[in-house]
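Asker: For the protein sequence lines, the chains are W and U, in the order given. Everything in the first sequence is counted per my numbering, starting at 4 for the first residue and increasing by one. Everything in the second sequence is counted per my numbering, starting at 515 for the first residue and increasing by one.
Among the clues, some could well be false.
Computed Cβ-Cβ distance ranges for the label pairs, DEER-style [as the list claims (entries may be wrong)]:
#	chain 1	residue 1	chain 2	residue 2	range
1	U	Ala544	W	Leu92	46 to 54 Å
2	U	Gln549	W	Arg61	52 to 60 Å
3	W	Gln103	U	Gln532	55 to 63 Å
Please keep in mind that the hints were generated in silico from the structure rather than gathered at the bench. Even glycine gets a Cβ: it sits at the ideal position worked out from N, Cα and C.
Listed below, chain by chain, are the residues.
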Amino acid sequence: MKKSRDYRMIEICIKRTKKVEAFLNALTKNNIILRNLRLSEEEVRFETIRKHLKTIRRLRYQYGVTFHIESLDDNQILRKEWTVFAGILILLFIPFFFSQWIWQVSIDNATPEQEDELSETLHDLNLDGPIMKKDKPDDSVIRQYILSKHRDLSWVHIHRKGSKMSFEPLNAPAVDQEEEKSSMKGELYANKSGVITHFNLQRGERVVDENDAVKKGDLLVTGILKQGEKAIYYGADGEVYADYWIESTFTMPQKITYGTMGEKTYHFRWANEKKSPNEWKVVNLPKWLSSIGEVSIEQEQIDKKVTLDKNAVEDMIVPLLHQKYLRDLPPKTVIKKEKLLNVTIDNDTVKGKVLFLINENIAVKSAITKEIENDRTTTDPTQNARSE
Amino acid sequence: MSKRLLQIVPLIEIENFQGIRIRGDILLEAIHDHQMVFIHENFKIKIEADSFHVNLLRDELLALDMSNVKKIELTRIED
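Given these sequences and hints, build the entire structure.
Answerer: Quick look at the structure:
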């Protein structure tokens with residue numbers, strides 16, 4: 004078999020001596036073909052194939068000629084050789100070959116229960132592993148099958164991106180059962196003291212105005228409409244927001260140690276190996292690969308030590324308290340301001356006081372009872388009974 | 515005469531004074547920037563030009579490009 008390397012072109016550069024001509028004659032007499040022979044004052048250059056190098060070296064000693072070799076083909080990216088062409092063909096063929104399959108099937112935006120049920124259905128359809136694209140049934144057929152199996156879904160979006168396929172189920176709209184709740188007629192009272200900032204009412208008539216200070220238990224919004232002597236009970240509903248301050252004190256050691264998460268590292272585990280205790284999250288691998296092993300993300304916990312001073316309290320403790328209050332308070336609550344009142348560091352203990360200005364919905368609904376009704380109406384009781 | 519089986523004629527080709535192809539027994543005698551001397555069969559050929567570029571040199575063939583040829587001399591070599 005011919006070695007393709009032997010037929011690669013090289014350039015030989017000979018230093019001029021008196022014997023150059025004789026050397027060139029000797030090369031031609033040894034059946035060596037010289038191409039692109041160029042002449043200059045110091046040197047003679049020509050090209051030939053690598054195969055002749057052995058003969059050229061032998062003759063060079065005979066004629067006492069010095070030369071150096073430059074490889075021409077090495078600079079060429081694609082050599083005219085069948086191995087190179089075969090390599091390119093394989094290179095193009097591999098992605099084309101693998102693109103004929105759907106490798107990953109995922110279920111997005113679904114609850115874990117839905118995900119389990121859906122993956123079972125997909126398994127029935129043979130859509131759970133690597134599948135050939137041409138064997139995949141039409142989207143409408145898949146959708147019809149899924150919807151027939153899952154009555155709680157109104158639609159399934161099927162997305163396909165390259166070799167990935169994802170299913171996104173859409174729940175059928177739930178029947179609204181909140182009607183019953185709101186049917187209770189009531190009035191809105193303050194459950195905290197504060198200054199009213201704004202209203203967000205669906206029903207009812209304001210009893211207090213914005214910027215009014217209210218105390219706990221004050222009536223904010225009434226659900227009784229008076230028309231002359233008549234009272235109509237239509238109930239009040241909505242939110243009333245007010246500002247109030249929370250005072251928070253804290254005491255903690257000056258030197259604190261806390262754990263924080265370190266760098267994430269990826270670990271491969273063979274299927275028969277034991278699980279590592281530090282394992283934090285398992286990377287989703289294609290099914291055919293997950294039978295061999297598992298890739299998990301591990302994250303080490305690092306202990307950090309901090310000595311608190313006044314600045315550190317403001318930078319570290321206040322945001323923590325902020326988060327704590329925000330978590331405990333109902334949604335839609337806003338912490339408008341926070342003020343660090345004082346910090347004292349004494350005997351390795353840090354003590355301090357922080358004020359938070361909170362804006363929260365302070366309205367609570369309370370049913371209209373007969374007593375209230377009697378308190379507020381001076382009309383004939385028989386009339387009230389009628390209107391009720 | 516040439517020992518080659520195919521292509522023994524023409525013996526000498528000269529085209530536009532830019533290229534010369536010589537077939538037969540060739541022996542280089544002197545190669546310089548502006549002058550080349552070689553022996554072909556029973557002739558000594560001397561060419562003077564501004565520059566030379568040998569496209570191909572092998573046993574019994576010389577393909578030579580020249581720019582601005584000034585002189586070509588053929589001298590029979592006496593025994």
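Asker: Could you tell me whether the CB distance from Gln549/U to Arg61/W stays inside 52 to 60 Å?
Answerer: Check failed, 30 Å falls outside 52 to 60 Å.
Asker: Please test the hint of 55 to 63 Å on the beta carbon pair from Gln103/W and Gln532/U.
Answerer: Once the Cβ atoms are compared, 58 Å apart, the range 55 to 63 Å for Gln532/U and Gln103/W holds.
Asker: Just tell me: holds or violated, for the beta carbon distance of Ala544/U and Leu92/W against 46 to 54 Å?
Answerer: 51 Å, holds
In this structure, only the earlier hint numbered 2 is contradicted, and the remaining ones agree with it.
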